[in-house]
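J.: Given only the sequences and the hints, what does the whole structure look like? Please build it.
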Amino acid sequence: MALTTTSTPALRDRRPRPGPATRRGRAGAARRGEGAAGYVFLSPWLLGLMGITALPMLLSLYLSFTNYDVLTPWSEVEWVGLANYRRMFTTDPTFWHSVQVTLKFGLIAVPLKLAAALGVAMLLHRAWRGVGLFRGLFYLPSLLGGSVALAIVWVNMFNRAGAFNSLLSLFGIHGKAWVNDPDWALPTLMLLAIWQFGAPMVIFLAGLKQVPVELYEAAAVDGAGAWRRFRNVTLPMLSPVIFFNLVLETIHGFQGFTSAFVLSNGSGGPIDSTLMYTLNLYIHGFTEFEMGYASALAWVFLLAIALITVVLFSTGRFWVHYTDGDDR
Amino acid sequence: MATHVARGPANRRLNTGTRAAFRYAILLLILALVLYPLVWMVGTSLKSQQEIVNNTGLWPAEFTPGNYAQGWVNFDVHFGRFFANSLLLCALIVIGNGLSCLLAAYAFARLRFRLRGFWFAVMIGTLLLPGHVLIIPQYILFKTLNWVGGPWPYLPLVVPHFLATEAFFVFLMVQFMRGIPRDLDEAAKIDGASPYGVFRHVILPLSRPALVTTAIFSFIWTWNDFFRQLVYLSDLKDYTVPVAMRLFIDSTSESAVGPMFAMSVMSLLPVFLFFVAFQRMLVEGINTSGLKG
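Quick note, the sequences are listed as chains A and B, same order. If you're matching positions, the first sequence starts at 1 in the working numbering and goes up one per residue. If you're matching positions, the second sequence starts at 1 in the working numbering and goes up one per residue.
Be aware that a few hints might be false.
Cβ-Cβ distance ranges computed for the label pairs, FRET-style [claimed, not checked]:
(1) A:Phe313 x B:Arg280: 31 to 41 Å
(2) B:Phe278 x A:Leu170: 33 to 43 Å
(3) B:Ala69 x A:Thr91: 51 to 61 Å
(4) B:Val73 x A:Arg317: 52 to 62 Å
Stretch-level coverage of chain B by chain A, calculated; a stretch enters the list once three of its residues show a Cβ under 8 Å from a Cβ in chain A [said to hold, decoys possible]:
(5) 22–31
(6) 140–149
FYI, nobody ran anything at the bench for these hints, they're computed from the structure. Ideal Cβ placement from N, Cα and C applies to all residues, glycine included.
T.: Okay, here's the thing in structure tokens:
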């Protein structure tokens with residue numbers, strides 16, 4: 001995005017010619033009005049924060065200790081203490097199963113997606129004729145891939161009469177209906193996530209642009225080959241961007257919902273193999289109407305995401321290098 | 001160093017030439033893999049019912065454009081209505097996000113007020129808050145207000161966006177406004193402009209690029225969003241495109257596969273057109289703002 005710093009015609013005759021004295025006097029008087037104006041401009045956001053975010057969060061914390069189910073009136077809602085949490089951790093096997101599915105999805109799909117993004121970015125970061133078109137076309141799946149329509153196409157592609165099997169038949173392999181196989185359904189969804197590598201790729205491209213050419217030249221003079229230049233110059237210089245992408249994609253990956261919903265028509269099947277955490281939450285909240293239990297699920301999810309973020313940030317200390325000397 | 005130079009430019013050019021060709025070949029291969037599902041989707045949408053089962057290849061032997069006509073009227077409510085609903089929802093959310101996030105961003109980027117640092121930290125905190133965590137209590141809240149399935153079925157989907165709850169766009173605009181020279185504000189202030197005047201005459205006109213980015217991504221994200229629309233929309237005539245597409249999964253009949261693919265193509269078309277129109281901006285713009293698709 002280009003920063004427009006040129007003044008508009010309306011401003012042209014308002015060029016600053018301030019004397020220091022007048023400036024300070026006016027600023028002091030304006031300061032008080034500014035404080036009020038600050039809250040005026042902030043008021044929609046504050047209202048949203050209170051009403052759409054904070055209040056619902058507290059409400060769901062309360063509900064997680066109740067047996068609320070939408071249908072019973074508020075007066076009959078019972079406080080059940082830690083029963084929902086106890087059920088989750090001790091008697092509900094689908095909870096642990098959904099945690100496993102979600103972790104497997106995130107831990108495999110996210111690193112592969114980032115590797116694909118970085119690999120293609122390395123091939124595209126120097127300017128040559130047509131490079132823009134390549135960048136754009138690789139980015140396209142990131143815009144389309146999150147939709148129901150594309151998930152439908154994807155599921156059909158890995159079905160018995162799908163494109164994937166026609167590709168396999170070229171090698172004489174007779175494929176099956178991958179999406180109906182509990183061992184293969186989740187991997188097809190991982191592939192859909194990896195297919196959308198374009199979004200982290202463009203962020204890598206921006207990062208690669210920032211690496212000073214002199215560093216590569218210096219490394220080449222020292223006799224470093226392509227791999228060592230990548231290993232010792234590109235990777236450390238790019239580590240803040242890798243970190244940024246890793247945090248974003250991890251949080252995003254654990255929240256995968258649409259593709260799992262489409263593959264299983266909202267059930268998490270075959271045999272719960274695509275029961276992502278958010279899908280399990282949806283099933284409990286909106287098909288079983290166990291909203292108290294679903295609220296407990298939501299809070300555990302929130303704490304897990306927070307924990308993962310903290311862990312990522314604390315490991316980041318050991319491998320993320322900030323060149324501006326600002327060790328965050 | 002000396003040997004490096006002595007190797008000579010001719011030798012080097014040849015070397016880089018073959019390497020470039022090699023790189024080009026790899027890129028074309030990856031590109032073919034990436035685009036294959038999309039081309040296959042368009043191809044399948046034009047296949048007859050029989051060909052869908054027998055010919056899993058990329059392109060139909062015989063064109064069957066009838067899938068489009070059939071898919072359009074596949075449900076009791078036609079797809080025209082679903083598209084109109086989705087467009088209306090997108091338009092409202094684009095306006096809401098642009099307006100409310102710009103106001104909040106101006107406060108954070110330019111005005112000094114009490115607890116500004118604290119509120120800013122809170123805003124950054126909500127940036128990482130997973131939306132799925134809030135859906136249940138929000139649903140209960142909106143249901144209590146009689147907004148769910150009420151006379152205005154889109155209220156629960158739209159109102160949060162008029163209250164700047166999409167922290168990502170607030171952050172984006174704050175970052176953008178930090179790039180607008182403060183001299184312009186100061187000049188306007190010296191001419192007697194209030195904070196409102198500065199907003200109206202300096203920040204608003206200069207924030208157009210950030211507003212355009214916000215509008216594009218608000219549109220695409222809303223167009224693709226499934227989770228919320230699935231939760232809040234219950235009446236067929238209020239369905240948006242993603243929720244309507246879901247109906248195809250319910251109907252398991254073989255005959256609906258062609259029409260289902262045809263409507264998949266149709267429903268991806270608006271986002272694809274956005275991509276064609278703003279391709280450069282999307283790819284380059286994200287570079288500077290760290291925006292995610």
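J.: Each of the hints needs a verdict: does it hold here or not?
T.: The hints, checked one at a time:
Checked against the hint of 31 to 41 Å, the C-beta distance between phenylalanine 313 of chain A and arginine 280 of chain B comes to roughly 34 Å, which is consistent with it. The given range of 33 to 43 Å is respected by phenylalanine 278 of chain B and leucine 170 of chain A, whose C-beta atoms sit roughly 37 Å from each other. A hinted range of 51 to 61 Å holds for the C-beta pair alanine 69 of chain B and threonine 91 of chain A, which are about 52 Å apart. Roughly 59 Å separates the CB atoms of valine 73 of chain B and arginine 317 of chain A, a value that falls within the hinted 52 to 62 Å.
Counting residues of the segment 22–31 of chain B whose beta carbon lies closer than 8 Å to any beta carbon of chain A gives 5, which meets the minimum of three for the stated coverage. Coverage of the segment 140–149 of chain B by chain A holds in this model, with 3 residues showing a Cβ closer than 8 Å to a Cβ of that chain against a need of three.
Checked against the numbered hints above, the structure breaks none of them.
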